[in-house]
Amino acid sequence: MLRLRVKDRRWQKRTLLAASVVIAVVGFSGCQMTSADGGAPPAAPATATFSFCDKEAPSCAGETSFSATATRDLEVKVSWQNVPVGNHVQTLELLLPGGNLYQQTQIAFAVQQGSDEPLVAIQTLPVAGTWIQQRHMLGEWTTRVSLDGQVIATQTVQLTP
Amino acid sequence: MVRQHPVTGIQRAYWRRWLALGLALLLAAPVIARETIVLQKSGTDSQARGADATLIQATPNSNNVGNTLTVASATGANERAIVEFDLSRIPNVGIKQAMLTLHVTTAPPVSAGTLTYQAYDVTNFWQSNIVSWNTRVATTTWTAAGGDIASAATATATVTNASTTAQFNITTDVQNWYNGSTNYGTIIKDSAANDGFSTVFGSKEASNATSPELDVTFVQNVTGLTATPGNASVTLNWNIPALIGTAVGSETYTGVLILRRTSSPVDKSSVPTDTQVPALCATVGTGTVVFEDSTGKTSFTDNAATDTCASPGGAPANGTTYFYKVFLHDSSNYYSDQDITNGSTFTEEISATPAATAAAQQNTQWIAATFATDLASPSLIPGTVAAMGSQTNLVFFINAATGLREFVPVSLGGSIASRSPLIDAASSSTGQDIDYLTDQNGLVYALNTDTGVVNWVVNPISSGTLTLQGGPAVQLKSIAGGSNDQVFFGSRITTTTSANQIFALNGNTGANASWSPLTGPITTTNEGAQNLDIINSTPLVDYVHSVVWITSRSACGTSQPSLWQVNPSTGAVKAIANLGDIDASPTLTFASDVLFVGTVGDSIVSSTCTAGNSTIYAINPSTGATLASYASTDGPIVSYPVVLGYAPPYVVIFSGATAVHALSIDTSRPTPVFATVWNTTIANPSAPMSTIGLNYVYVGSSDGMIHELMVTTGADVKDEITNVGPTKGTVGDPSIDEVLSRIYVTTTDQRAYAFTIPF
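Chains as they are written, first to last, in the working numbering: chain A, 1 to 161; chain B, 162 to 920.
Everything labelled a hint here was simulated from the structure, so no lab data went into it.
Values in this document were obtained by computation on a predicted structure and should not be read as measured data.
Note that beta-carbon positions come from the ideal geometry of N, C-alpha and C, so glycine has one too.
Heads up, some of the hints might be wrong.
[As the list claims (entries may be wrong)] Pairwise CB distance ranges (calculated):
1. Asn-392/B / Gly-139/A: 34 to 42 Å
2. Pro-161/A / Asn-464/B: 46 to 54 Å
3. Thr-160/A / Gly-625/B: 26 to 34 Å
4. Thr-47/A / Gly-625/B: 30 to 38 Å
5. Thr-156/A / Asn-392/B: 41 to 49 Å
6. Gly-139/A / Asn-398/B: 36 to 44 Å
7. Gln-81/A / Thr-469/B: 50 to 58 Å
8. Thr-784/B / Pro-161/A: 33 to 41 Å
9. Gln-81/A / Ala-353/B: 28 to 36 Å
With the sequences and hints as input, model every part of the structure.
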C-alpha cells in the first residue's frame, strides 16, 4: 500500500487544488532552466532520501536493519526535496538481494506553485507471513526511487531472520 | 579523406534547402513495419475491455459515460476525456507505432482559433462506471482531482473549427504497456488554462464511426516455439504466424534472428536494433547471435556444424542449459520487440539442456516473461490457461499449451501476492470463466478470463482501505447450493491484533453477504468473543461440513484463536482453535475427514516475536478438535501442506526452511500419531505439489530448479532448471496441469516456466 502525505496533514486539501495549479503551470520543468534574460538561477534538482520503519514500532530513527519475524510491515518513506511545480509520478522499486525486482509501485502527485511543505511518500511493505519470511528472502535489499522515469535515489536495507 | 563541413559553415540558403529536403523525406517516409490494425468499437471488435468517460470539474462526483467525450477549459468547469483501449486482438506483438484518434462531433467555434490538446498517460487504476473528476474506483479518490497523470504529455494535437479529428502519437505509452507497465489509458486535456472553449468527440458508446480509434503498427512473435535437446545439440522449431492485421506495403515476415545465452534467459534489454542485422556470432547485450535467416526457415539445430561461434557461442555442451530468444522480423528487419530504454519484455524464448542420454536431457515447454515477481502457484483452468498475479499490479493469462499470452496483461489497482482461484464457466454461477483476485490496496476483483474484462471491482469496506494479502476462496453454488457463488477472504490490518475482518462477497456482483464482514473480536458459538489477528492465508471451503476454514495469526502466541470454522450462510463461528500464529492455508483430505494445518512456530521472547518451528496439526473437521500434532524442527511451514491418500493412513508433505518432509498418520486409529516417512534437504523449498496417484512430488527451490522427489522415499530423482545463471531466481509454488501433464512455476527472475511431468 502506498500513500502520500505532508507533515501537517494538509495534503488532501492541497491535492484537491493541484489540478488547477497544474493547468496554470504548463511545462513545469521550465523552472529548472535559466530564463532567456539570464535573471533566474537554475532550480536545484529534485532529491530524495529514504528512511525505514517497523510500522508497529513506537519510533524509528535511522534504522536500516529489520527482523523479518518481528516486523509485520516495513514502512519505506521517501522524503522529497526540490520537486518542481506540476504533476509527477514516483516509482518505487524494491529489489531482492541479487537484484531481481520484488515489487514496484507508482504514485502520482502534484506540487502547487509556492508550496514549501515537506513531501513524503510512504509505501508499506508487508513482511510477516509473506514470501519474504516464508522463503527467507533475507539479506541486503535495495530500494530505488524514480521521479518521472529518472532514478533519483537508491538505498539499501537489511532484512534479517 | 572526405572533408566534412561543420554545420555552422553551411550558407543559410543551403541550410534551408537541406532542412526542407529532410522534412520532405520524413513526411514522405512510410511507417515501415509488417502489420497495422485499427482498434475501434465495431461489429467485429467489441472493445470489451475498452472504456471511456468525461471527467467534469463542475460536477466532480458524477460519472459521465455517454455518447460523447468532451475536452473543455474554463474556470472551475474543466472537462477531460479519459480513454482506454482493449488491446486483446494483438497480445503477442512488438509495438512499432500507436496513433490515438478522437473524432470531432462538435468542433470549437471559429473564435477559438487553434486549440492544443495534450494526451497524458494515466497513472492510477479506474473503473468506467465509477470514474469521475474526484473518484477513480469504488470510494477511492484520485490523488489529484481530475485524474492522476504523468508529469509530461506524451503527445499533443491541435483542433480548430475545421477539424474532424484530433490525432495523438502515443507510441511510447503503448510500448510501455506491452513492457510491464500498467495500462490505465489516456487522458486528453486542453493545454491552455481557462480559454473558455470546448470540443466534443465521439465515445465508445456513440457510433462506430466516431468512436475513439487506436491505429497500431506492430510485428508479431513466432508461435509454436519448441526446443528439443539432443547429444551436444538443441533443435529449435517455430511457426511464422498468419497476419492478424493489414500488411504494410509489400513487406512480409521473412525470418528470425536467434540470440542464445548460457544458464540464464537473455536479458530484456538485449534486443536487435530495427532495420539492422547483427552479424552471426555478434553479441547483442547478454545474447549471442547463433542464427539469422531471411528465407522463412522454421527450424534451426544448434550444434558443432551450425554454430562455430567463439564462446559464449559455439556448440552446445552436454549438461549446460541454453536459453534462446527468437525475434521474428520482416523484410525491412523490424523485429518482434520494442527497442526502448527499459528493454523489451516479451519476445518468445525457450530453453534446453543437451545430454548424451535421453534420460538426462531437459527442456522447457514454454517460458513466459512477465517481468514481475510472483511466487504463488499459478492458477489454472487445466489444459487451457494459467494465470499469475504480480507485485507490479498486473495479472497475466498464459495459454497453457503454447505459453503465449491469451491477451495483454490486465492492469489492476495494487500488488497481487496470492493465488487467485479460476472458476470455469460450467461451474461458475456467473456462467463465465472467472478469476477472483484480492490486492494489497484492498480491492477485490472478478475478471473474465476469456476477455480480461473486469466484471466487478469493489472495496469491501465502506470507507478507508484494507490490505489484502491472502487470496480469495470460492464456494460454488453448483456444489453448495444457494443463489450465487460466494467469495471469502480476510484482512491484514497490522495495526491491530484483535479487530481484523472476514468477508464473504456475492461472486456475481461483489456485494457483501448479509453477515459480512465479521469484525474482531468475533462472537463465537461456544467460546464468547475472540480477537482476530491478521490473515495472510487463503481460506478453505469445506463442502462436506458446509463450513469455511480460515487461518490467522494470533498475536505471536496461543492466547487467542488462529483457526476459525465459519458457517458461510450465517457467518456463525462454529469452532476455533488456539494453535499459535498460522500463515499457511489448511488442507483437507480427499474425503474431508481430516484437516491439516501448520503453524508459524513463533513466540514472544523478551517482548519480541521470535522465529520458531512449525507444528503440524491433524484436526477433526466436524468439531475443530486436535487429533494429533507433530513438532517440526525446520522453521515455519511454507504456504500449505499437501495430503495424499483416499483413506487413512494419509501422507502429509510439507516444506520447512531447509527440507521437504513427509509424515504419515492413520486417523482411523483411536489415538492417531504422526510418523516421519522421509526428509529431503532442498535449499529454501517452495510448497510441495503432488496429486493422489502421482509417483512424484515437485518442489521449487532458491537454487533455480524444480526438484522431482519420489513420493515413497523422498529421493531427489531428477531436477529441471528454470534459471541457474546470473539472474537466478527463487522458484515459487508449483501448479500441476493433469490435462497436459505439465508443471508450471513462477520465479523471482520474473518469468513463468512450463515443464512436462514426470521429468
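Assuming the hint says 34 to 42 Å, is it satisfied by the Cβ distance from Asn-392/B to Gly-139/A or not? Given about 40 Å between the Cβ atoms, the range holds.
Given a hinted range of 36 to 44 Å, is it respected by the beta-carbon distance of Gly-139/A and Asn-398/B? Once the Cβ atoms are compared, 41 Å apart, the range 36 to 44 Å for Asn-398/B and Gly-139/A holds.
When you take the CB atoms of Thr-47/A and Gly-625/B, is the distance between them in 30 to 38 Å? 32 Å, holds
Per the hint of 33 to 41 Å, is the separation of the Cβ atoms of Thr-784/B and Pro-161/A within bounds? 36 Å, holds
Starting from the hint 28 to 36 Å, judge whether the C-beta atoms of Gln-81/A and Ala-353/B obey it. Taking Cβ atoms as reference, Gln-81/A and Ala-353/B lie about 31 Å apart, which means the hint holds.
Between Thr-160/A and Gly-625/B, does the C-beta distance stay in 26 to 34 Å? Roughly 32 Å apart at Cβ, these two residues keep to the hinted range, so it holds.
Regarding Gln-81/A and Thr-469/B, is the given constraint of 50 to 58 Å on their beta-carbon distance met? At roughly 56 Å between Cβ atoms, Thr-469/B and Gln-81/A fall inside 50 to 58 Å, so the hint holds.
In this structure, is the beta-carbon distance linking Thr-156/A and Asn-392/B contained in 41 to 49 Å? 46 Å, holds
Measuring from beta carbon to beta carbon, are Pro-161/A and Asn-464/B in 46 to 54 Å? 47 Å, holds
Hint violations for this structure: none, all hints satisfied.
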